[in-house]
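Between the sequences and the hints, there should be enough to build the whole structure, so can you do that?
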Amino acid sequence: MVLAMLLFAIEDTLLKTATASVPVGQTLMLFGMGGTLGFLLLTWRRGERAFTPQALKATLFTRAFFEILGRLFFLLSLALNTLSSTSAILQATPIAVTLGAAVLFGERVSWQRWVAIMIGFVGVLMIIQPSSEAFQVTSILAILGMIGFAGRDLATRAAPPALSNMQLGVYGFAVLIPTGAFYSLWSGGFVSPDRFSGFMIAAGTLVGIGAYYSLTVAMRTGLVSVVTPFRYSRLLFGLMLGLLVFDESADAMTLAGSAIIVLSGLYILMSNATRKSSAPTRVSERT
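Under numbering that gives the first Met the number 0, the residues of the sequence shown are numbered 0 to 286, in order.
If you're looking for bench data, these hints aren't it; they were derived computationally from the structure. The C-beta atom is built at its ideal place from N, Cα and C for all residues, glycine as well.
Label pairs and their computed distance ranges (CB to CB):
{"id": "1", "residue 1": "Val-136", "residue 2": "Phe-189", "range": "20 to 28 Å"}
{"id": "2", "residue 1": "Asp-250", "residue 2": "Val-136", "range": "15 to 23 Å"}
{"id": "3", "residue 1": "Ala-161", "residue 2": "Arg-107", "range": "21 to 29 Å"}
{"id": "4", "residue 1": "Gln-111", "residue 2": "Gln-53", "range": "33 to 41 Å"}
{"id": "5", "residue 1": "Ala-258", "residue 2": "Gly-221", "range": "24 to 32 Å"}
{"id": "6", "residue 1": "Leu-55", "residue 2": "Ile-118", "range": "35 to 43 Å"}
{"id": "7", "residue 1": "Leu-184", "residue 2": "Arg-107", "range": "46 to 54 Å"}
{"id": "8", "residue 1": "Leu-222", "residue 2": "Gly-188", "range": "40 to 48 Å"}
{"id": "9", "residue 1": "Ile-118", "residue 2": "Ser-191", "range": "42 to 50 Å"}
{"id": "10", "residue 1": "Glu-106", "residue 2": "Leu-265", "range": "17 to 25 Å"}
Dropping the structure here:
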């Protein structure tokens with residue numbers, strides 16, 4: 000999950016740079032084309048069929064809907080808002096994912112973890128500052144993107160086990176092609192990307208493939224309530240890249256909120272490690 004967050008932050012930086020000269024819809028379409036091709040090659044390399052009857056399950060259509068919602072609105076937020084602010088708002092995703100995992104999958108979340116996650120959410124609110132003039136209307140785009148990513152992650156968890164991570168990658172990127180094309184037609188058409196923008200999109204696609212695969216593995220093999228808090232690391236990567244690449248500055252509230260988010264995530268990590276270390280003892284006693 001940490002690797003996925005680092006790669007996603009790099010992807011965000013590359014695509015945000017590209018949207019300075021290439022419309023959001025066209026960027027999304029080209030990104031989807033490259034990602035689909037990449038995962039198709041990986042799927043065929045494993046000797047798997049790209050499309051199977053399992054891809055027509057209702058869960059996959061739900062996943063596609065949330066994929067579109069997350070990708071489109073998050074990219075719009077990246078184009079119109081700062082990278083650091085958009086990354087910060089995205090940190091509310093663990094709250095929605097953990098709640099959904101408890102309701103839909105019956106995963107047990109201890110009250111200590113709930114408290115730690117909610118404290119992390121307070122840190123996010125400190126960064127967003129919804130009641131102050133610092134809050135921007137464009138932040139709503141990031142909130143919609145966050146909801147989309149949370150729904151996608153939960154649908155990934157519920158996807159048919161017969162589908163590999165590579166196949167899910169094909170489906171996830173493929174739906175972005177028509178989405179980007181239709182949005183481009185609706186918002187003003189296409190342009191001819193210059194060499195630099197084309198390189199940014201291509202590099203973002205390659206990094207995005209690695210990020211997407213890492214995230215899918217984490218969500219399908221790890222306990223959702225355990226791996227989800229590590230999404231907080233994306234905030235740190237986003238702040239650093241925003242400062243280094245776009246010269247974005249973080250105010251005191253942003254830094255304080257970031258510290259709270261990190262500390263709550265570390266507490267969840269330590270509580271999980273303690274629980275795992277005590278598990279063999281309990282097994283031994285039952286035996």
